[in-house]
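Undergrad: Sequence:
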Amino acid sequence: MDEPSGDGRKRRDTASAGSPETSADSAEWSRRLADIAERSRRLVAEFMARQGNDDLAGMTIPMAFGAAFFEMTARMMADPSRLIEAQRALWDETLTLWQRTGRRLLGDAVEPVIDSAPEDRRFRDPAWRDNAVFDFIKQSYLLTARAIRNAVESVDGLDEHTARKADFYARQFIDALAPSNFAMTNPEVLRATIDSRGANLLQGLKNLLDDLDRGKGRLAISMTDPAAFRLGENIAASPGKVMHQNDLMQLIQYAPATAAVKRRPLLIIPPWINKFYILDLRPENSFIRWAVGQGHTVFVISWVNPDERLAAKSFEDYMRDGPLAALDAMAAATGEREANVVGYCLGGTLLAATLAYMAARRDHRVKSASYFVTLVDFAEAGELSVFIDEQQLTALQERMNKKGYLDAADMHTTFNLLRANDLIWSFVVNNYLLGRSPLPFDLLYWNADSTRMPAAMHSFYLRNMYQRNLLAAPGGITLGGVKIDLRKIKTPSFIISTREDHIAPWRSTYAATRLYGGKVKFVLSSSGHIAGIVNPPGGKYGHWQNDANPPDPDKWLTDAAAHEGSWWPVWERWIGQYAGGTVKARQPGDGELSPLEDAPGSYVKVRAVD
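Residue numbers (this note's numbering): 563 to 1172.
Just so you know, the hints here were simulated from the structure itself, not pulled from any lab data. Any given hint could be a false lead.
Okay, derived cross-link-like pairs now, DSS-like style, lysine-lysine, Cα gap no bigger than 25 Å in a straight line [stated by the list, open to error]: (1) Lys929 - Lys1083; (2) Lys778 - Lys965; (3) Lys1050 - Lys1083.
Let's have the full structure, built from the sequences with the hints guiding it.
TA: Shown next, in the form of structure tokens:
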């Protein structure tokens, strides 16, 4: 939930429009300030009324990271010599920085004590490098940040989970205190403030109030212009029809783009943590449109955005009303009982569980399974695991039980915290300090189009998979009276993972090569959870291939061959083996099912307002 970065893109600058020299007389400024004061008063009152009702920050609770820091501090103070040494090292580095800054002010050329990483967008403004004062501020921050991280990482005696939590929340603290996040220590903001005579800060305050108003007292940071996108028109616009629906999903069949198509249709199971149109953003990066162009009869599950009426829906319900119901409907729509199936992220986890269920029931309709950035072994589940322990899960369960679901805002916040600099602080600077409005960007529109999670399903998923890792254990979980064993899956599998994935780490997804009983092809893409998948031919990211699957993932990568370009054609060549020949193209409605409505359907248009 995850991948877009708004920091590197140009945005509309609205600050100059509010400059008193160009457009606003004193009366207008007084009116705007009075409006801001009144809205601020109302929003503060709403915020105070909410206190005590919302004890979660995303999927965590303040008590959880407070306890982690308390234990870390206790362990740290148990060995004061190490802490003293860390402070001495920071003092020495700071003294060196002072000396070099003094020499620089006298005209000497000096090397930095520390420098930001090339990919760190916070310090791209030339003043961070060219101005001695701002360079000093930047280096002071980077030295302190490194010292904090080193101190946290060097604490002995912490259990692995507590250490991971302490490190994660330390990074949140460090990122929040970056000098780029404050008006008086950000050279770009200072220039904008001088040039506009403060209009950027006034407009930024208005933007802040707008976001608080939209979030009903909770800050809902704007990442793009939502009015710029219309589902079915300029996003999620591949032509097709909704052919089947139930309480949990609508099944979309897309119109063919070729005269002949592969006999076996293709079903795509997206995660219900996000909406399906990540695979159908624009024609040029739509996996769905591309797959249709390759001759697949493509069906996609569009999950419902659940409310309290679906609180009791379980993981098993998602299996029955999701892929199993979709396979039945596809057979009626096309006359073909067999199919190839793709699962993306949590959709892939559901696919694996479903295939194990089908194997136990001797149901062999699925002829190939493709897993996009999918975890089935959660032993090393990435940074999301910091939110998974008994204390946090109990609080989360109580919260979900009150409403019947997990708020979409909590899911959205959780995933944004995993990349806070790109998905939180860059927009704080742009929207509130520079007074700008974000440009339309389809990926960020999708990222903000959050979904809720039914209480029963989400609790089962977090406890049995993230907390207990029972899906990877033979018979660890039971669905529909069947003890699930992934080793019974004989279906040929294609696994695509991404090297920089912070949600489904590739070494963890690689564990599936040792679990499935059938033949497995593993491919690794560059980039992360979203960009590495939504990477069409002609895209900038390459991939690695290796025909062998050794037990050690690092051995796999060492022996793998690097290739330029997208992995999509590799997948197409692989899945072509299971196409079952070709037939005349099928139009939605040719079979036993009549179309219900045009794609992308109505379920995807339900936006969560919590």
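Undergrad: None of the hints should be skipped; say for each whether it holds.
TA: Hints versus structure:
1. Lys929 - Lys1083: Judged against 25 Å, a Cα distance of about 15 Å means the pair holds.
2. Lys778 - Lys965: holds, 17 Å
3. Lys1050 - Lys1083: holds, 17 Å
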